[in-house]
Amino acid sequence: MTTNPTKPVKKLSMQQRYSALTRDIDWTPSYVTEDQLYPHTTYEGIKIHDWSKWDDPFRLTVDAYYRYQAEKDKRLYAVLDGFAQGQGHLTLSDPAYLNAMKIFLGGVTPLEYQANRHFSYLARHFNGPGPRFAAQCQSVDELRHAQTEIHTLSNYNKYYSGMHNFAKMHDRVWYLSVPKSYFDDALSAGPFEFLIAIGFSFEYLLTNLLFVPFMSGASFNGDLPTMTFGFSAQSDESRHMTLGLEAIKFLLEQDEANVPIVQEWVDKWFWRGYRVTAIIAMMLDYMLPRPVMSWKESFELYFEQQMLNGLFPDLAYYGIRPPKGVEQAIWEKEHLSHLVYHTFYQFSHAANLTTSIPTKEHQAWLASAYPDAFEQFYKPKWDKLEKMAAEGNRYFYPGLPQLCQVCQVPMLFTEHGDPTKLCQRHSEFKGEHFNFCSDHCKEIFDREPEKYVQAWLPVHQIYLGNCGGPTIPDVLAWYGYAEGDSGEMLGNVDHNNWKKWHAQVDDSVGGRESVEVGGAAEAGKGA
Amino acid sequence: MQYELKTQIIEPLRPTFDHLVARYGNKPATRYQEGTIDLQPTENFHYRPTYSPEYELYDPNYSAFKLTDPYSFLDPRQYYYTPYVTNRAQMHEAFGKTLDYVADHNLFGRTPEAWKRLIGEIVIPLRHYEAGCQMLFSGAARFAWGATIAQCCTFEGFDRIGNAQLISRVGITLGEQTAGVLNAAKQSWMEAPAWQPLRRYIEEALVEPDWAVGVVAVDLVDKLLDTLIYRHLDEEAIVGGAGAYSLLAQHVGTWYAEHRKWLDTLYKAWLADPELAGANAAAFSAAVSAWLPKAADAVGALAQHADTIVDTGAAAGLEARVAQVKAEYEALGLTVS
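Top to bottom, those sequences are chains A and B. Counting in the numbering used here, the first sequence runs from 1 upward without gaps. Counting in the numbering used here, the second sequence runs from 1 upward without gaps.
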């Protein structure tokens with residue numbers, strides 16, 4: 001046997017190397033106490049005994065992160081530039097499609113920005129280097145998403161209404177307080193609740209219902225930039241989903257006492273997120289000129305099959321049951337989108353988007369997608385509104401809706417099991433009266449009334465005179481709306497421009513019969 | 001001459017978003033502007049944060065340093081996500097190539113023993129300091145007021161964890177692909193007398209409640225470390241036959257020079273604010289006065305220790321630099337006691 005003259009070197013394995021780069025850089029403080037350094041990780045009652053048990057399956061290092069992301073962005077921006085240069089917006093299915101993107105830019109993009117800020121908070125405040133680094137990667141990813149979404153939609157903003165003032169709208173417009181209050185709720189909670197609320201509930205449990213429908217809608221409706229953005233964000237999102245799943249398992253494995261706390265958060269954040277999806281259900285069923293799938297189908301596939309049948313049996317091992325409210329959500333899948341669009345139809349004079357009676361073809365699609373509900377309960381409503389519109393009396397609701405104190409959606413939901421009976425629940429707190437759309441929103445309030453009495457309820461604020469003035473036009477001016485942002489879709493600015501531009505472009509072979517410039521001008525007069 | 005391609009022109013209805021037209025006029029905006037300006041919510045917050053109920057979710061009062069208009073500060077590098085990651089991808093790629101070169105040519109094997117010791121004892125433990133800076137800037141990224149400052153802090157936080165990894169990789173190479181050097185460096189960071197002032201400094205900076213004071217505090221150390229590690233010792237290493245040190249240090253040294261751009265611009269914005277310059281100057285003077293002596297001690301202890309390994313006159317050089325740093329702040333209009 002021969003011996004090697006040089007001492008054999010014990011080289012680091014890949015895993016040890018990763019650990020050296022991401023974990024071993026941490027240290028236990030001694031000049032300040034651990035409680036001083038991490039002051040926010042005890043007050044929620046969550047117990048963590050060993051932060052090193054956090055497992056990150058991606059093994060991403062900073063240099064690899066930069067390399068992948070820079071490469072992806074190069075491709076994405078090439079698509080954006082090409083689309084803008086070639087007037088790609090004219091290849092959309094219909095300008096009405098952009099109503100979905102108005103919701104997205106005003107309702108979702110600002111949340112991405114806030115996620116950037118608050119995942120930075122986790123990257124500061126978690127005691128363990130594993131979750132800190134994971135949160136830090138997500139923080140910069142979220143900034144990427146906010147910015148690439150703005151840059152993607154920026155070109156549409158140049159030609160279409162409803163997007164020009166998205167950040168202010170997010171902070172002020174009545175229905176956008178639904179997503180804003182949802183996220184403010186998470187941001188104002190402690191770090192662990194935020195992790196479950198956004199990391200798990202938003203990014204894992206509901207992402208295929210909340211985020212993905214916009215990207216799928218884009219691909220079905222000729223919106224190449226948004227679709228490309230969607231694909232470009234996919235690998236980021238899969239990291240975020242993994243983080244969300246790791247987060248809940250980590251908390252559950254650390255201490256049995258964490259289980260009931262996490263269960264309460266799962267209950268709360270399922271329902272909070274689910275109520276935000278009311279807007280998405282409407283978008284999926286009513287606002288895509290070329291529909292992708294119905295809300296019902298989407299809910300069955302992405303929630304009932306993937307989560308209830310896929311995820312929750314795994315979580316049962318830890319003592320976690322499916323969230324409260326699931327039964328009601330399953331029942332509501334037949335009704336949700338119809339109720340919400342019916343409300344938006346009547347309030348779109350105050351929204352940054354336009355609505356219209358669904359066309360005959362669209363109603364036929366709705367009837368086939370909802371054989372047990374559409375013709376029986378909702379077609380009669382559309383018939384009535386259609387008749388009014390035909391008589392020159394397009395209906396807009398003259399007052400302001402009552403809002404749920406928790407989810408802030410107008411009180412349009414019905415009793416669980418009865419689509420004809422509106423649901424109203426109430427609680428008293430410190431001598432004041434509060435209204436809720438459902439048992440589950442009431443439960444959320446009753447658990448933390450001190451929090452939800454603070455809610456900035458848009459309708460309430462209008463009555464208090466905090467929104468630009470006492471009349472609807474005052475409020476709309478305060479929202480920063482411009483002509484064409486709101487109201488009936490047919491004959492609207494976007495609709496008319498679309499016809500005019502297509503006439504101009506399609507005229508290159510000597511004029512096509514289907515395009516009538518005069519028609520556009522006439523519709524314009526009627527508006 | 002260039003050829004002329006005919007394209008369909010449709011006149012846009014508006015050049016960009018309203019808030020940018022209001023600020024910069026009726027013209028197209030840059031991607032930096034569209035992706036940054038006015039992005040942070042400023043009103044109608046729904047709930048008070050449970051971790052600091054005395055403030056709003058976003059609140060200028062998280063710091064004594066304030067800007068009347070937070071967007072009077074703009075990142076001079078105009079970094080939004082894409083140019084940021086593109087630039088840093090290049091930086092890390094260049095560093096990786098240098099490190100491969102150093103390893104392939106066994107340059108550490110040809111480095112004088114004393115210099116190898118110096119790298120292990122003076123440079124490698126800085127990975128922990130950089131990791132602390134990551135936490136500090138991530139905290140600032142959350143609580144800063146205004147998206148331009150917060151964005152710079154987000155990127156700076158990511159830069160710092162990147163620096164910690166670069167330095168760690170040097171340690172792994174110096175340790176011939178083992179954890180030996182890293183483990184020794186961590187022990188130094190935790191226990192060696194020369195490192196305790198700096199470790200105490202970053203731990204105390206991390207618990208400083210005003211995010212801007214924390215930023216000012218670590219920048220004082222950064223200025224001194226830059227001089228010691230990435231200028232003085234870099235130069236001396238070349239003279240002393242430790243070219244590998246210089247080859248690797250240049251990457252972080254270049255980064256130090258680049259990150260000064262946004263910090264110096266922010267300092268100027270604080271001190272030029274039309275309404276709050278005076279209050280900012282007072283807070284700034286107090287922060288520099290409180291932290292500069294501690295920074296001088298912390299980095300001074302490292303310089304003295306470096307001189308015991310290879311006597312390059314580092315401690316004396318650093319003393320001169322401390323005086324210069326004080327003068328730089330005074331030149332900005334601060335009173336440094």
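To be clear, the hints were calculated from the coordinates, so they are not data collected in a lab. Check each hint, because a few of them may be wrong.
[As the list claims (entries may be wrong)] Where chain A lies over chain B, by a calculated footprint (3+ residues, C-beta under 8 Å):
(1) 66-74
(2) 118-131
(3) 135-141
(4) 147-155
(5) 159-169
(6) 243-250
(7) 264-270
Ideal Cβ placement from N, Cα and C applies to all residues, glycine included.
Okay, the hints, checked on the actual structure:
no., hint, verdict
1, 66-74, "violated (count 0)"
2, 118-131, "holds (count 4)"
3, 135-141, "holds (count 5)"
4, 147-155, "holds (count 6)"
5, 159-169, "holds (count 6)"
6, 243-250, "violated (count 0)"
7, 264-270, "violated (count 0)"
Against the hints set out earlier in the document, violations occur for numbers 1, 6, 7.
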